[in-house]
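The chain contents come next:
Number of protein chains: 4
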Amino acid sequence: MNLKIGIIGVGMIGQDHIRRLTTVLAGASVVAVSDVNGAQAETVAAGIGARCYATGEALIAASEVEAIIVTSWGPTHATYVLAAIAAGKPVFCEKPLAETVEDCEAVLDAEVRHGKRLVQLGFMRRFDSQYRAMKETLRSGIIGAPLIFQSGHRNPSVPGYYTANNALTDTAVHDIDTARFLLDDEPVAISVKSPRKNSRGGALADPLLTLLDMRSGALVTIETSVNIAYAYDIRGEIIGETGVVTLAERNDVVVKANGVFSGRVPADWKERFSTAFDTEFREWIAAARAGGATGPSSWDGYVATAVTTTGVKAIASGAREPIKLRERPALYA
Amino acid sequence: MNLKIGIIGVGMIGQDHIRRLTTVLAGASVVAVSDVNGAQAETVAAGIGARCYATGEALIAASEVEAIIVTSWGPTHATYVLAAIAAGKPVFCEKPLAETVEDCEAVLDAEVRHGKRLVQLGFMRRFDSQYRAMKETLRSGIIGAPLIFQSGHRNPSVPGYYTANNALTDTAVHDIDTARFLLDDEPVAISVKSPRKNSRGGALADPLLTLLDMRSGALVTIETSVNIAYAYDIRGEIIGETGVVTLAERNDVVVKANGVFSGRVPADWKERFSTAFDTEFREWIAAARAGGATGPSSWDGYVATAVTTTGVKAIASGAREPIKLRERPALYA
Amino acid sequence: MNLKIGIIGVGMIGQDHIRRLTTVLAGASVVAVSDVNGAQAETVAAGIGARCYATGEALIAASEVEAIIVTSWGPTHATYVLAAIAAGKPVFCEKPLAETVEDCEAVLDAEVRHGKRLVQLGFMRRFDSQYRAMKETLRSGIIGAPLIFQSGHRNPSVPGYYTANNALTDTAVHDIDTARFLLDDEPVAISVKSPRKNSRGGALADPLLTLLDMRSGALVTIETSVNIAYAYDIRGEIIGETGVVTLAERNDVVVKANGVFSGRVPADWKERFSTAFDTEFREWIAAARAGGATGPSSWDGYVATAVTTTGVKAIASGAREPIKLRERPALYA
Amino acid sequence: MNLKIGIIGVGMIGQDHIRRLTTVLAGASVVAVSDVNGAQAETVAAGIGARCYATGEALIAASEVEAIIVTSWGPTHATYVLAAIAAGKPVFCEKPLAETVEDCEAVLDAEVRHGKRLVQLGFMRRFDSQYRAMKETLRSGIIGAPLIFQSGHRNPSVPGYYTANNALTDTAVHDIDTARFLLDDEPVAISVKSPRKNSRGGALADPLLTLLDMRSGALVTIETSVNIAYAYDIRGEIIGETGVVTLAERNDVVVKANGVFSGRVPADWKERFSTAFDTEFREWIAAARAGGATGPSSWDGYVATAVTTTGVKAIASGAREPIKLRERPALYA
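Chains as they are written, first to last, in numbering that gives the first Met the number 0: chain A, 0 to 332; chain B, 0 to 332; chain C, 0 to 332; chain D, 0 to 332.
Note that these hints are calculated values from the structure, not bench results. Each hint should be verified, as a subset may be incorrect.
Below 35 Å or equal to it, Euclidean Cα-Cα: the simulated DSBU-like pairs (lysine-lysine) are [as the list claims (entries may be wrong)]:
#1 A:Lys-269 - B:Lys-323
#2 C:Lys-3 - D:Lys-323
#3 B:Lys-134 - C:Lys-196
#4 C:Lys-269 - D:Lys-3
#5 A:Lys-134 - D:Lys-3
#6 B:Lys-134 - A:Lys-3
#7 C:Lys-134 - B:Lys-269
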């Protein structure tokens with residue numbers, strides 16, 4: 000009765016998903032795996048009694064596979080998602096949906112032709128209880144219409160190959176999706192400010208302050224600080240007409256010692272979003288068993304790529320760049 | 000490969016456990032149910048495709064049942080636990096282990112004779128991340144040895160049949176176990192203070208302040224306020240030699256509106272301990288699959304009953320009553 | 000136009016009062032000083048251009064002195080207060096009013112005979128904005144009637160001559176007055192629990208948990224921890240019928256670094272109560288200029304001594320000791 | 000021995016200063032007042048036994064006046080400050096120093112010619128314990144060099160005549176000075192974003208997000224929300240290389256009732272900065288008695304006007320406008 004899942008890409012993230020699906024959550028079995036590294040795929044498959052497929056396409060086509068998770072290398076995502084849509088199977092795809100707007104549009108077109116949602120994007124923050132409480136606060140009307148959303152994304156450190164563009168495509172992409180989710184709004188322009196550099200990152204332009212103008216006029220600011228050492232700290236505040244709502248600290252205990260009270264801040268994204276990942280897959284499993292998807296869609300993946308690719312232009316130009324979006328298909332209303 | 004579980008008692012709590020085991024957590028299947036209300040047992044069994052047994056004993060004896068959960072009426076617990084031990088099957092028993100010290104001792108004797116732990120008690124707070132962080136803080140040494148533990152247990156309202164004795168046997172029993180868990184210590188005496196009554200409870204002696212003297216000399220105070228209206232609020236602070244550790248608030252967001260900032264306090268025990276229940280069963284499933292148990296033991300159930308029954312005497316006498324405990328068997332070291 | 004003040008006792012506290020009256024607050028001048036240590040009195044007087052008197056009695060009698068502050072050695076307080084009443088001059092007296100109940104009663108009798116309040120006791124917490132906000136919360140009715148008040152008084156360290164009795168007469172005396180102030184209630188019995196000792200204090204019985212039964216039935220618990228190292232931390236929570244009110248942390252900033260967020264806790268009583276002292280003297284100056292007193296009265300000083308002396312008996316007896324209070328004169332209604 | 004002060008301008012703010020100087024703080028007497036409204040000046044003077052002068056110039060010239068406070072209408076400030084400098088008397092001037100950069104420069108020139116500081120500007124936040132703690136945290140090095148400072152200035156409501164320009168000249172001017180104070184840095188460019196308007200303010204462009212580029216490269220964002228209803232809320236966070244420091248909430252108590260915990264946010268600027276005003280005048284009185292000034296200087300007043308007038312241009316142009324500052328005279332190092 001479990002949902003039979005095939006996973007394409009069994010690197011670190013793929014393996015963590017397998018762990019979650021097989022040892023944490025009810026309702027799913029991982030029956031198939033595939034990876035560009037065939038040896039690793041074999042090893043992982045053996046460990047969980049799954050079947051190993053030579054290609055993602057073969058895995059998608061396998062009759063035993065009811066739903067697919069795509070956690071392979073980013074540039075390959077769209078191909079597998081398109082194949083899953085062609086096969087009429089639910090597919091969970093880690094970000095990005097595709098690296099180019101054109102490839103994202105191809106997915107939109109295919110899914111619209113299919114006529115119902117099959118694709119879910121891995122924007123796990125939409126399943127985080129804190130962001131959901133923020134959205135619920137907005138819905139309640141207690142703070143009025145949202146005017147400004149200030150998001151902060153702080154990471155202890157990044158590897159040497161990380162560039163300012165990554166700050167948009169890999170890091171702020173989550174804040175961009177969160178802004179759209181919280182505000183029920185679409186961005187129309189983006190600009191990126193590069194202040195004094197954190198000396199811990201050498202020549203890396205870090206932090207960045209990204210500004211999004213939304214269709215409603217609401218303003219989004221995204222601070223990305225990727226070498227800030229102290230913790231993995233996700234901040235957010237929405238300023239409304241009559242009040243504000245802010246992400247709370249979520250430490251377990253307060254310790255008083257040595258002249259201060261103190262509470263823990265998460266060390267990394269796994270600690271911070273562990274429960275959100277659980278909820279994300281629990282809700283996806285339920286939706287996929289019903290043959291569909293829930294939460295972030297192809298449309299959300301498309302907009303994310305449209306915004307980040309325009310943002311990369313904005314970094315280069317130093318100017319405010321307009322974001323062009325196609326009309327949203329009714330499927331994603 | 001799932002652990003095949005039989006559940007004795009399918010009232011509200013039993014059904015919630017079934018929901019958790021079948022739709023939330025990996026690794027377990029509920030294959031058998033039994034209830035004193037046979038019709039209800041049939042209904043529940045049908046809903047999940049489990050087999051229905053006429054008696055708890057028959058369920059325990061069934062070869063397909065690998066592990067047992069006892070959530071029946073309190074006075075029946077010990078009988079089923081003893082039967083499970085006799086059958087050599089892991090058994091999870093909601094509090095109390097038994098309502099009398101003698102019955103608890105019978106379980107201890109049986110399990111000691113069996114030679115290894117099979118029994119786990121439903122003290123879910125031991126699996127709560129906040130209490131675990133408190134214990135970790137103690138272990139770290141940063142606040143020195145624990146001298147006083149102040150526990151607060153606040154409930155919005157209780158039904159009319161609830162008595163002051165229930166405040167010990169049903170409510171403070173959790174704080175008593177928590178104190179033993181956090182302090183690694185045993186109580187030697189108990190007294191109960193009954194202050195001014197909350198007018199919301201009519202003649203009910205509420206709140207109560209229960210004092211436990213621990214073997215180390217540490218003092219435990221337990222405030223039970225069972226009709227306090229505002230929320231379900233579990234408080235705790237350990238005062239050490241050089242610092243203190245306190246349970247933090249765990250609200251998702253802070254809202255600023257109408258002149259104040261505010262954050263949510265849980266509405267009921269389900270909201271407060273939902274994640275602890277998940278962890279409790281996840282760890283039990285793993286332990287039961289290995290043929291044993293983890294966390295709170297028969298010994299913890301025995302001490303809880305010894306303390307609460309002495310506490311009931313202390314309410315009646317108004318005096319400090321010594322708590323007599325047998326020697327702890329090596330099995331529970 | 001300034002109030003002309005004479006100060007008896009110019010030790011550390013007296014000098015701090017002089018500093019506050021002459022360099023911080025409007026409306027007062029220190030025109031006279033006296034001290035058992037004549038040389039020190041001369042030095043202090045010279046520093047501020049005040050006149051030095053050989054005895055407290057002479058200072059009180061001096062026509063230029065309009066109001067008196069008594070900060071001399073505790074056993075001398077009552078004598079000076081009685082002399083001030085005899086002279087019809089407002090007098091601010093640091094705690095204790097007197098060390099025996101009998102001496103306190105002599106002051107009550109004298110002031111009642113005088114027919115209006117002249118005496119104000121140095122219970123500065125009544126002027127603290129946090130305690131005032133607690134009382135205001137109670138008055139608002141939002142938490143219903145107060146049932147339990149839990150007070151915590153934590154001090155980094157005490158000198159070697161400090162005894163368990165001091166924990167009542169010097170330390171908990173403030174919490175006792177605070178309880179009476181917040182609850183508008185009088186204590187009827189006291190008991191003192193001595194848990195496991197803090198090893199930092201050697202043989203000192205520390206911490207203590209003092210329990211006060213109030214006339215209304217409300218229960219007060221006072222934790223005194225006088226060698227707790229980490230800070231000077233004053234805690235308080237009132238548990239009502241429908242809610243609770245708690246003293247907040249009052250740090251200026253939150254710092255996030257090294258994996259935690261943290262905020263400062265006061266280092267000592269001067270830091271914690273600096274603003275309360277300002278308010279205390281500001282309100283006293285205004286009252287004394289009008290020929291009277293405000294806030295804590297002789298009656299409050301009398302009750303404090305009655306409770307602490309009974310508490311010292313309770314430490315010795317290990318029992319709950321009834322507190323005998325005379326009828327409260329109408330003057331103190 | 001008190002500092003003899005003359006006050007020019009006895010409107011609401013002037014009268015509040017008089018109250019503070021005569022009934023709250025030690026060390027000062029208000030001996031002279033002047034106001035464009037002569038009748039009001041007479042009334043105020045009579046109330047405190049001060050002498051009334053027909054013009055500010057006459058007041059400044061009066062031999063009894065040792066120091067001057069200028070709280071008259073903004074456009075008149077520079078004239079009075081220049082007169083005070085010409086008279087060699089310490090002068091406290093509420094913001095702005097002058098409404099044009101040229102007038103500010105005239106003051107700089109005059110004070111530099113005088114050779115020592117006489118002028119103090121009314122930027123009271125520099126005396127606020129919370130901002131001082133922020134600066135102290137920066138100095139400690141624990142968060143590394145400051146990279147971004149996010150300031151928030153929220154006001155419940157503004158009158159109908161308030162314009163977007165006022166949001167800079169009257170409101171954000173404080174955040175601008177605070178940024179310079181905290182970061183020890185000067186702004187080089189300013190831009191102003193105008194997001195979706197708060198419907199409570201009709202056509203008013205509110206909120207605004209002002210961006211300042213600092214000489215070091217540090218970025219300052221200033222959110223002004225002047226009709227936000229819920230409270231007067233001053234926010235601030237500095238993002239450094241290894242940590243962040245944030246203004247804490249400063250509520251007195253936490254109340255738990257009706258499902259939430261809550262704490263008060265200040266209702267208005269008087270509540271928020273009351274203690275800062277006390278400290279500001281206490282330190283000014285000490286400095287003025289010594290013939291000088293402390294804290295914010297003419298230079299700070301000049302830069303504030305240079306930034307806000309450029310900011311007004313930026314509102315009109317919608318562009319990033321460079322801020323031109325003269326070389327800072329050594330007097331203000």
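Margin query: Hinted pair, alpha-carbon criterion (35 Å max): A:Lys-134, D:Lys-3. Please report holds or violated.
Written below: violated, 57 Å
Next item on the list: Take a quick look at whether C:Lys-269 and D:Lys-3 sit within 35 Å of each other, Cα to Cα.
Entry: holds, 31 Å
Notebook entry, point to check: CA of B:Lys-134 to CA of A:Lys-3, is that 35 Å or under?
Noted result: violated, 40 Å
Notebook entry, point to check: Holds or violated: B:Lys-134 with C:Lys-196, Cα cutoff 35 Å?
Noted result: Holds - the C-alpha atoms of C:Lys-196 and B:Lys-134 are around 20 Å apart, at most 35 Å.
Item checked: 35 Å limit on alpha-carbon distance, applied to hinted pair A:Lys-269 and B:Lys-323 -> Violated, because 46 Å separates the two Cα atoms, which is more than 35 Å.
Next item on the list: Quickly compare the C-alpha distance for C:Lys-3 and D:Lys-323 to 35 Å and report which way the hint goes.
Entry: violated, 55 Å
Next item on the list: For the pair we were handed, C:Lys-134 and B:Lys-269, check the Cα-Cα distance against 35 Å.
Entry: Roughly 33 Å separates the two Cα atoms, so the pair holds.
Comparing the model with each earlier hint shows violations of hints 1, 2, 5, 6; every other hint is respected.
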